[in-house]
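S.K.: The listed protein sequences derive, respectively, from chains L and X. Take 72 as the starting number for the first sequence in the working numbering and just add one per residue. Take 72 as the starting number for the second sequence in the working numbering and just add one per residue.
Calculated directly from the structure, the hints in this document are not laboratory data. These numbers come from a predicted model, not from an experiment. Hints should not be assumed to be uniformly reliable.
Put simply, identical chains are the same to the list, so a pair is met inside one copy or across any two.
Here are the simulated SDA-like pairs of lysine to any residue, each with C-alpha atoms no more than 25 Å apart in a straight line [what the hints assert, rightly or not]:
| hint | residue 1 | residue 2 |
| --- | --- | --- |
| 1 | 286 | 126 |
| 2 | 218 | 344 |
| 3 | 286 | 330 |
| 4 | 286 | 133 |
| 5 | 286 | 134 |
| 6 | 213 | 342 |
| 7 | 213 | 351 |
| 8 | 286 | 310 |
| 9 | 162 | 181 |
| 10 | 397 | 342 |
| 11 | 218 | 351 |
| 12 | 286 | 127 |
| 13 | 213 | 314 |
| 14 | 258 | 277 |
Number of protein chains: 2
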Amino acid sequence: MPMNQQIHLVSRPSTEAVTSNFKLISNETPALQDGQVLVRHHFLSLDPYMRGRMNDTKSYTAPQALNQVMLGGTVGEVVASKNPKFAVGDKVVGMGGWQQYSVVDANQLGALRKVDTTHIPLSAYLGAVGMPGVTAWYGLVKIIEPKAGETMLVSAATGAVGSAFAALSKARGCRTVGIAGGPDKCKYAVDELGFDACIDYKLHKDAASLSQALKDACPDGVDGYFENVGGMVLDAVIQRMNAFGRIAVCGMIAGYDGAPLPLSYPALILTNRLKVQGFIVSEHMEVWPEALKELGTLVATGQLKARESIAQGLEAAPEAFLGLLKGKNFGKQLVKLI
Amino acid sequence: MPMNQQIHLVSRPSTEAVTSNFKLISNETPALQDGQVLVRHHFLSLDPYMRGRMNDTKSYTAPQALNQVMLGGTVGEVVASKNPKFAVGDKVVGMGGWQQYSVVDANQLGALRKVDTTHIPLSAYLGAVGMPGVTAWYGLVKIIEPKAGETMLVSAATGAVGSAFAALSKARGCRTVGIAGGPDKCKYAVDELGFDACIDYKLHKDAASLSQALKDACPDGVDGYFENVGGMVLDAVIQRMNAFGRIAVCGMIAGYDGAPLPLSYPALILTNRLKVQGFIVSEHMEVWPEALKELGTLVATGQLKARESIAQGLEAAPEAFLGLLKGKNFGKQLVKLI
Numbered sequence: 072m073p074m075n076q077q078i079h080l081v082s083r084p085s086t087e088a089v090t091s092n093f094k095l096i097s098n099e100t101p102a103l104q105d106g107q108v109l110v111r112h113h114f115l116s117l118d119p120y121m122r123g124r125m126n127d128t129k130s131y132t133a134p135q136a137l138n139q140v141m142l143g144g145t146v147g148e149v150v151a152s153k154n155p156k157f158a159v160g161d162k163v164v165g166m167g168g169w170q171q172y173s174v175v176d177a178n179q180l181g182a183l184r185k186v187d188t189t190h191i192p193l194s195a196y197l198g199a200v201g202m203p204g205v206t207a208w209y210g211l212v213k214i215i216e217p218k219a220g221e222t223m224l225v226s227a228a229t230g231a232v233g234s235a236f237a238a239l240s241k242a243r244g245c246r247t248v249g250i251a252g253g254p255d256k257c258k259y260a261v262d263e264l265g266f267d268a269c270i271d272y273k274l275h276k277d278a279a280s281l282s283q284a285l286k287d288a289c290p291d292g293v294d295g296y297f298e299n300v301g302g303m304v305l306d307a308v309i310q311r312m313n314a315f316g317r318i319a320v321c322g323m324i325a326g327y328d329g330a331p332l333p334l335s336y337p338a339l340i341l342t343n344r345l346k347v348q349g350f351i352v353s354e355h356m357e358v359w360p361e362a363l364k365e366l367g368t369l370v371a372t373g374q375l376k377a378r379e380s381i382a383q384g385l386e387a388a389p390e391a392f393l394g395l396l397k398g399k400n401f402g403k404q405l406v407k408l409i
Numbered sequence: 072m073p074m075n076q077q078i079h080l081v082s083r084p085s086t087e088a089v090t091s092n093f094k095l096i097s098n099e100t101p102a103l104q105d106g107q108v109l110v111r112h113h114f115l116s117l118d119p120y121m122r123g124r125m126n127d128t129k130s131y132t133a134p135q136a137l138n139q140v141m142l143g144g145t146v147g148e149v150v151a152s153k154n155p156k157f158a159v160g161d162k163v164v165g166m167g168g169w170q171q172y173s174v175v176d177a178n179q180l181g182a183l184r185k186v187d188t189t190h191i192p193l194s195a196y197l198g199a200v201g202m203p204g205v206t207a208w209y210g211l212v213k214i215i216e217p218k219a220g221e222t223m224l225v226s227a228a229t230g231a232v233g234s235a236f237a238a239l240s241k242a243r244g245c246r247t248v249g250i251a252g253g254p255d256k257c258k259y260a261v262d263e264l265g266f267d268a269c270i271d272y273k274l275h276k277d278a279a280s281l282s283q284a285l286k287d288a289c290p291d292g293v294d295g296y297f298e299n300v301g302g303m304v305l306d307a308v309i310q311r312m313n314a315f316g317r318i319a320v321c322g323m324i325a326g327y328d329g330a331p332l333p334l335s336y337p338a339l340i341l342t343n344r345l346k347v348q349g350f351i352v353s354e355h356m357e358v359w360p361e362a363l364k365e366l367g368t369l370v371a372t373g374q375l376k377a378r379e380s381i382a383q384g385l386e387a388a389p390e391a392f393l394g395l396l397k398g399k400n401f402g403k404q405l406v407k408l409i
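Could you put together the complete structure from these sequences and hints?
M.R.: This is the structure:
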């Protein structure tokens with residue numbers, strides 16, 4: 072069996088996550104048991120939710136265990152199989168973690184899924200046609216429930232979720248506005264991702280200033296908001312929500328590293344009769360087939376062109392992950408492992 | 072025509088509302104036109120929403136105009152009629168405002184409604200079998216959607232809305248917990264209103280302390296919360312919400328007088344996949360018949376025994392209203408006008 076490199080979580084962050092929370096380990100992959108499959112990972116997905124798992128606090132799932140392989144989505148190729156349903160050469164998506172190889176009990180429901188790379192690149196199954204894409208789909212379709220002609224807004228607009236959100240929202244006839252950090256991301260959002268407008272939050276020192284910019288970009292107000300960041304951005308957006316607006320809360324990355332960030336004007340939930348709802352996409356597996364079908368079509372037909380930031384080699388994963396938390400990535404953050 | 076006393080709003084509060092914002096005026100009631108009815112008010116309802124109308128800020132309705140009769144719900148008796156649908160002696164509920172008499176164009180849809188006082192006292196149509204009762208019903212039934220065995224929580228528990236909430240929640244087989252101010256109110260909530268437990272928020276100096284008390288009173292956590300107050304209470308409650316909990320936001324009386332009160336931990340909306348939704352009961356007239364039928368039955372059968380705080384005489388209204396904003400009332404706040 073091949074030698075395997077892994078990254079373990081070896082300590083928990085006190086405030087900001089740092090590279091020394093992680094450690095690179097080498098060991099041999101174990102021999103396969105009946106029903107198991109050995110997968111060589113081509114790409115590892117880095118996602119903001121991983122930051123939450125690094126803490127030992129009450130959350131929607133158990134924390135990442137110390138001195139174990141960091142969890143994470145992976146795509147790769149079957150290189151050895153003791154499972155009749157999987158053959159060497161099959162392209163698969165799974166939760167292989169921060170490592171080069173994984174041994175998967177492929178009979179376990181949902182552990183490993185074969186994917187077709189004829190029209191869709193393998194890496195897209197970690198982004199637009201994967202968990203981030205379905206996340207955008209669920210928040211938009213099931214929580215926001217957009218109507219044609221309404222205004223939809225998303226923060227972290229050029230990320231994996233934001234990119235998919237734009238394509239899904241435009242396909243429903245909505246004015247679609249993004250919030251992103253820096254002129255390059257904003258230009259890309261409008262030129263490539265199909266956003267009608269994109270606001271650079273870095274130009275604004277406070278919520279009042281950002282809120283004014285939102286007023287200009289959303290002259291009819293905001294009907295649906297997909298929240299990825301929280302903090303100042305949420306304070307700015309909630310002041311622009313229309314009556315009966317819907318906010319799908321997917322992430323609050325701005326507060327992941329430090330003290331809890333308050334919401335300054337909760338009374339607007341009442342005065343504007345808003346619905347604010349949090350969700351975790353992995354709890355809604357029933358929608359994945361429908362969502363993946365629409366997302367796959369959007370990618371295969373070029374309507375969803377999701378950009379990727381690719382770090383090279385497993386040892387680059389910690390640095391790339393910390394950059395993701397600071398918005399240094401531009402598009403879906405991946406680590407290429409081959 | 073009889074002389075009429077009215078209370079006008081003559082100035083807007085800068086922070087706290089004060090009695091000098093109001094002025095007592097005397098004038099003659101105008102002669103009736105065809106279709107109009109003259110109603111002598113027996114009771115005026117005082118409600119927290121009125122504080123919002125005193126401000127000249129963007130909200131869900133236009134502000135109360137200066138130098139006009141303060142708006143408000145009233146019950147009374149027809150004393151003169153030029154409308155064939157209403158006869159002298161009819162008991163009616165309407166929005167007569169802070170005055171002794173009102174002239175109502177009774178052909179206007181929803182302006183005046185005849186009520187039956189055989190089994191339900193007239194004043195109840197301003198409380199349990201009126202707007203506050205329907206408010207409790209809508210938040211519980213349409214937003215929280217309780218399941219038997221779940222834990223329901225309401226703030227301002229002994230008020231008109233809280234009392235109705237308790238009866239409706241108990242009727243659905245839920246553990247029902249209240250939050251109120253002071254030992255008398257808490258005792259009354261448990262002894263008379265059917266609450267399983269009631270927490271005195273005045274015993275707690277901060278959200279952490281109140282949250283601990285909630286943990287004891289709600290050992291299985293909170294599945295549904297009906298929010299009337301905001302501020303520290305909401306901060307305490309949100310830490311006790313179960314996964315997939317629902318918060319119906321009806322009022323945030325704690326912040327009505329001053330600076331906006333922040334929500335300290337909005338990230339819990341995500342980690343606990345909460346739904347937080349604001350509503351205004353007057354926008355959901357389609358549910359009123361169903362809600363009033365259930366509430367009327369609960370009152371007529373003694374399952375909903377709503378207490379009233381009755382101020383005597385129109386001139387007592389401003390003081391009683393300011394007291395309501397500070398929680399000095401005990402039960403539904405009314406002004407008796409006859």
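S.K.: Now tell me, hint by hint, if it's right for this structure.
M.R.: Here is how each hint holds up against the structure:
1. 286 with 126: Between. Shortest inter-copy distance 23 Å satisfies the 25 Å Cα cut-off; intra-copy 37 Å does not.
2. 218 with 344: both (17 Å within a copy, 24 Å between copies)
3. 286 with 330: Between copies only: 23 Å across, 29 Å inside.
4. 286 with 133: Classified as between: cross-chain Cα gap 21 Å, same-chain 40 Å, threshold 25 Å.
5. 286 with 134: Result: close only across copies, 23 Å inter versus 40 Å intra.
6. 213 with 342: both (23 Å within a copy, 18 Å between copies)
7. 213 with 351: both (12 Å within a copy, 23 Å between copies)
8. 286 with 310: For residue 286 and residue 310, only the intra-copy Cα distance (9 Å) is at most 25 Å; the inter-copy one is 33 Å.
9. 162 with 181: Only inside one copy: residue 162 and residue 181 sit 15 Å apart there, 65 Å across copies, limit 25 Å.
10. 397 with 342: between (33 Å within a copy, 21 Å between copies)
11. 218 with 351: both (23 Å within a copy, 22 Å between copies)
12. 286 with 127: between (40 Å within a copy, 21 Å between copies)
13. 213 with 314: both (19 Å within a copy, 18 Å between copies)
14. 258 with 277: within (22 Å within a copy, 46 Å between copies)
When each numbered hint is compared with the structure, no violation occurs for any of them.
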